[in-house]
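Protein chains: 2
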Amino acid sequence: MHFVLTAHDQNSSARAGVLTTPHGQIKTPVFMPVGTAGAVKALHIKELREDIGAQIVLGNTYHLYLRPGTEIIGKAGGLHKFNGWDRPILTDSGGYQIYSLADIRKFTEDGVIFQSHIDGSKHIFTPEKAIDIQRILGSDIMMAFDECTPYPCDRNYAKKSMERTHRWLNRCIQHQSGTTCAYGYHQSLFPIVQGSTFKDLRIHSAEFISNIGADGNAIGGLSVGEPAEMMYEMTDAVCKVLPVDRPRYLMGVGTPANILECIALGIDMFDCVIPTRNGRNGMLFTRNGIINIKNEKWKEDFSPLEEDGEVFVDREYSRAYLRHLFISKEILSAMISTIHNLGFYMWLMNEARKRIEEGNFFEWKNVMVKKLMQRL
Amino acid sequence: MHFVLTAHDQNSSARAGVLTTPHGQIKTPVFMPVGTAGAVKALHIKELREDIGAQIVLGNTYHLYLRPGTEIIGKAGGLHKFNGWDRPILTDSGGYQIYSLADIRKFTEDGVIFQSHIDGSKHIFTPEKAIDIQRILGSDIMMAFDECTPYPCDRNYAKKSMERTHRWLNRCIQHQSGTTCAYGYHQSLFPIVQGSTFKDLRIHSAEFISNIGADGNAIGGLSVGEPAEMMYEMTDAVCKVLPVDRPRYLMGVGTPANILECIALGIDMFDCVIPTRNGRNGMLFTRNGIINIKNEKWKEDFSPLEEDGEVFVDREYSRAYLRHLFISKEILSAMISTIHNLGFYMWLMNEARKRIEEGNFFEWKNVMVKKLMQRL
Numbered sequence: 001m002h003f004v005l006t007a008h009d010q011n012s013s014a015r016a017g018v019l020t021t022p023h024g025q026i027k028t029p030v031f032m033p034v035g036t037a038g039a040v041k042a043l044h045i046k047e048l049r050e051d052i053g054a055q056i057v058l059g060n061t062y063h064l065y066l067r068p069g070t071e072i073i074g075k076a077g078g079l080h081k082f083n084g085w086d087r088p089i090l091t092d093s094g095g096y097q098i099y100s101l102a103d104i105r106k107f108t109e110d111g112v113i114f115q116s117h118i119d120g121s122k123h124i125f126t127p128e129k130a131i132d133i134q135r136i137l138g139s140d141i142m143m144a145f146d147e148c149t150p151y152p153c154d155r156n157y158a159k160k161s162m163e164r165t166h167r168w169l170n171r172c173i174q175h176q177s178g179t180t181c182a183y184g185y186h187q188s189l190f191p192i193v194q195g196s197t198f199k200d201l202r203i204h205s206a207e208f209i210s211n212i213g214a215d216g217n218a219i220g221g222l223s224v225g226e227p228a229e230m231m232y233e234m235t236d237a238v239c240k241v242l243p244v245d246r247p248r249y250l251m252g253v254g255t256p257a258n259i260l261e262c263i264a265l266g267i268d269m270f271d272c273v274i275p276t277r278n279g280r281n282g283m284l285f286t287r288n289g290i291i292n293i294k295n296e297k298w299k300e301d302f303s304p305l306e307e308d309g310e311v312f313v314d315r316e317y318s319r320a321y322l323r324h325l326f327i328s329k330e331i332l333s334a335m336i337s338t339i340h341n342l343g344f345y346m347w348l349m350n351e352a353r354k355r356i357e358e359g360n361f362f363e364w365k366n367v368m369v370k371k372l373m374q375r376l
Numbered sequence: 001m002h003f004v005l006t007a008h009d010q011n012s013s014a015r016a017g018v019l020t021t022p023h024g025q026i027k028t029p030v031f032m033p034v035g036t037a038g039a040v041k042a043l044h045i046k047e048l049r050e051d052i053g054a055q056i057v058l059g060n061t062y063h064l065y066l067r068p069g070t071e072i073i074g075k076a077g078g079l080h081k082f083n084g085w086d087r088p089i090l091t092d093s094g095g096y097q098i099y100s101l102a103d104i105r106k107f108t109e110d111g112v113i114f115q116s117h118i119d120g121s122k123h124i125f126t127p128e129k130a131i132d133i134q135r136i137l138g139s140d141i142m143m144a145f146d147e148c149t150p151y152p153c154d155r156n157y158a159k160k161s162m163e164r165t166h167r168w169l170n171r172c173i174q175h176q177s178g179t180t181c182a183y184g185y186h187q188s189l190f191p192i193v194q195g196s197t198f199k200d201l202r203i204h205s206a207e208f209i210s211n212i213g214a215d216g217n218a219i220g221g222l223s224v225g226e227p228a229e230m231m232y233e234m235t236d237a238v239c240k241v242l243p244v245d246r247p248r249y250l251m252g253v254g255t256p257a258n259i260l261e262c263i264a265l266g267i268d269m270f271d272c273v274i275p276t277r278n279g280r281n282g283m284l285f286t287r288n289g290i291i292n293i294k295n296e297k298w299k300e301d302f303s304p305l306e307e308d309g310e311v312f313v314d315r316e317y318s319r320a321y322l323r324h325l326f327i328s329k330e331i332l333s334a335m336i337s338t339i340h341n342l343g344f345y346m347w348l349m350n351e352a353r354k355r356i357e358e359g360n361f362f363e364w365k366n367v368m369v370k371k372l373m374q375r376l
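Sequence order for the protein chains is A and B.
Position 149 (the first sequence) corresponds to 149 in this note's numbering; numbering is contiguous.
Position 36 (the second sequence) corresponds to 36 in this note's numbering; numbering is contiguous.
Do not take every clue at face value.
Which copy? The list can't say, so a pair holds if one copy fits it or any two copies do.
Stated by the list, open to error - No more than 27 Å apart at the CA atoms, straight line, and that leaves these computed lysine-lysine pairs for DSS-like:
| no. | residue 1 | residue 2 |
| --- | --- | --- |
| 1 | Lys-370 | Lys-122 |
| 2 | Lys-81 | Lys-159 |
| 3 | Lys-371 | Lys-199 |
| 4 | Lys-159 | Lys-106 |
| 5 | Lys-27 | Lys-199 |
| 6 | Lys-75 | Lys-371 |
| 7 | Lys-160 | Lys-41 |
| 8 | Lys-75 | Lys-299 |
| 9 | Lys-240 | Lys-122 |
| 10 | Lys-75 | Lys-294 |
| 11 | Lys-81 | Lys-370 |
| 12 | Lys-129 | Lys-299 |
| 13 | Lys-81 | Lys-297 |
| 14 | Lys-122 | Lys-46 |
| 15 | Lys-122 | Lys-294 |
| 16 | Lys-129 | Lys-294 |
| 17 | Lys-371 | Lys-159 |
| 18 | Lys-106 | Lys-354 |
| 19 | Lys-371 | Lys-329 |
Because the hints were derived from the structure by calculation, they are not lab data.
These figures come from a predicted structure and were not determined experimentally.
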């Protein structure tokens with residue numbers, strides 16, 4: 001894997017680049033749709049590729065390990081073969097999902113013993129196991145096994161947790177170097193900066209992680225309930241430490257405004273369930289602001305979802321029709337809003353990249369963050 | 001509307017034809033996917049048109065009247081404009097849905113007073129009202145307001161109900177002739193043969209309906225629980241009476257085998273929720289038989305859904321992957337199985353038509369009905 005920076009914004013730390021992976025190139029900044037169980041919810045693989053033009057998709061190790069299980073995905077020849085998505089895949093390590101979904105039974109230096117949220121069955125995840133699973137999944141980018149601290153978090157706990165995350169990182173790296181990808185290509189491993197909302201811990205963690213010299217670096221434990229300003233402050237502090245020449249991935253972020261702000265701070269990669277999950281609940285992101293399509297006001301609005309939108313749904317369906325589908329609980333409502341929102345996120349990233357190349361990203365971003373978050 | 005017969009099978013009453021409607025031509029025999037609330041569940045309008053190649057879609061008057069309501073559909077300019085489907089639409093009269101879904105409060109010569117299954121609100125449907133609503137929906141083919149008797153049904157009740165259905169038909173015709181389509185084209189009205197499972201009543205009803213000289217004729221009140229052989233017997237008796245030169249529509253039928261058998265008896269048009277509803281429950285119809293994709297046996301079957309299938313899902317997704325999506329309750333499971341099953345039904349109708357044109361439909365049908373209904 002290699003990363004080439006191709007442009008820098010004039011008045012911010014925003015940058016554009018090209019990341020080359022075993023399954024193709026990714027133009028950054030990039031948004032990665034979340035394909036939890038090996039599918040982006042309510043979306044065909046074909047739509048993801050052709051209509052939305054996603055460059056890379058995220059898969060959840062925790063979910064895929066529990067269902068269908070590594071045995072089946074291994075027999076299929078990896079996640080790419082299993083679901084037919086032939087572009088890059090990034091998998092998380094399962095850490096975050098264990099903390100947010102599973103019932104944790106025991107937390108040790110070795111790893112975490114937890115119960116499945118599906119059937120209550122008992123499992124253990126260790127740094128080594130997280131790598132083993134991701135080896136079988138065959139993701140282009142594997143994530144280190146970490147602990148995502150909650151917000152707010154006691155400073156002492158945040159420090160201890162961060163230190164353990166660093167020790168787990170060393171075990172991940174060691175295990176990575178002792179194993180190979182079953183499918184013959186190189187899988188990169190991204191370490192994760194932790195440290196909760198304590199700037200000194202964040203800087204310390206970023207320094208520790210920078211010394212690893214990984215193909216790319218991630219920032220975890222943000223967007224977990226802290227104020228947006230605090231998230232930006234932490235992201236800024238970390239970006240100033242992380243190596244300039246490697247991609248920076250801010251995990252689990254965020255709204256269109258969050259993303260633009262963090263691109264300005266030097267982030268290259270994002271993932272978030274907001275466009276898909278909020279879309280399924282009737283929230284549409286558009287170039288002019290946010291639409292809650294279930295609102296009475298759209299009842300007789302027969303204009304297209306978004307006249308100058310990116311995807312076919314924007315022109316082929318009206319707001320009144322989509323509202324009707326939501327009120328009637330039709331599956332098609334989730335399909336339309338998912339494709340619309342992801343199409344919008346892709347458009348936003350393309351525009352951001354274009355402005356970075358032109359050098360005027362910062363000014364554009366300041367206009368857009370206000371516009372995009374207003375309620376229509 | 002006009003109907004031209006283009007071919008007849010040598011050893012059965014099967015026939016091929018072309019039905020011309022205000023929204024285009026339909027090659028018969030034809031299967032009409034059910035778009036209850038103005039959408040075929042789990043399917044984009046675009047997929048219905050391009051991937052499946054549906055020629056005509058059915059809309060449910062009862063559902064559309066209750067939600068979003070005729071006011072909104074009227075303001076949109078009719079159902080075609082509301083959902084973007086520009087090919088022919090047939091709407092039922094609401095009768096069947098009232099009997100099967102609503103809480104009937106009162107049944108009179110004038111019509112039916114019922115409570116909405118959605119919010120319990122009170123409504124009345126009369127023959128005139130059913131026409132008024134379908135005028136606003138703007139369907140190419142409207143259905144007469146009838147009573148669908150249950151199975152089994154007392155002979156006396158079946159006779160009385162049939163006679164009322166006939167009187168209601170006269171009111172529908174009178175009201176049709178006194179009103180016009182809001183959108184400037186001609187809407188045909190199909191009367192419905194009733195008479196439960198009593199052959200003499202069916203023949204009497206078919207004679208009554210034949211005398212109307214409608215653009216096409218329908219058979220209702222079958223496939224409501226009676227044995228298949230009884231359904232075939234009634235259909236056969238009715239087809240022998242109905243005018244040869246008008247399309248014959250068998251309402252709510254059926255499985256692939258039911259459809260082939262009834263094509264052999266002279267039926268031209270079908271609708272049924274089986275491919276869509278059963279699809280959403282994991283039942284896939286294929287050229288070699290029926291797959292219950294949730295079964296353990298498909299767990300590690302990485303072969304395509306149906307190698308020589310009609311639609312992209314047949315080649316792009318494996319059985320193991322689709323099974324995983326069903327087990328994980330992913331929306332994509334419903335999307336894939338719907339498109340697969342409707343694609344299969346369209347293929348089946350095209351094949352049937354081809355055999356009729358070749359004159360060897362009957363022999364092919366006898367082989368296929370056995371093959372298609374076996375469990376894989």
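For a quick check of understanding: which of the numbered hints are violated here, in increasing order?
1, 2, 3, 5, 6, 7, 9, 11, 14, 16, 17, 18, 19
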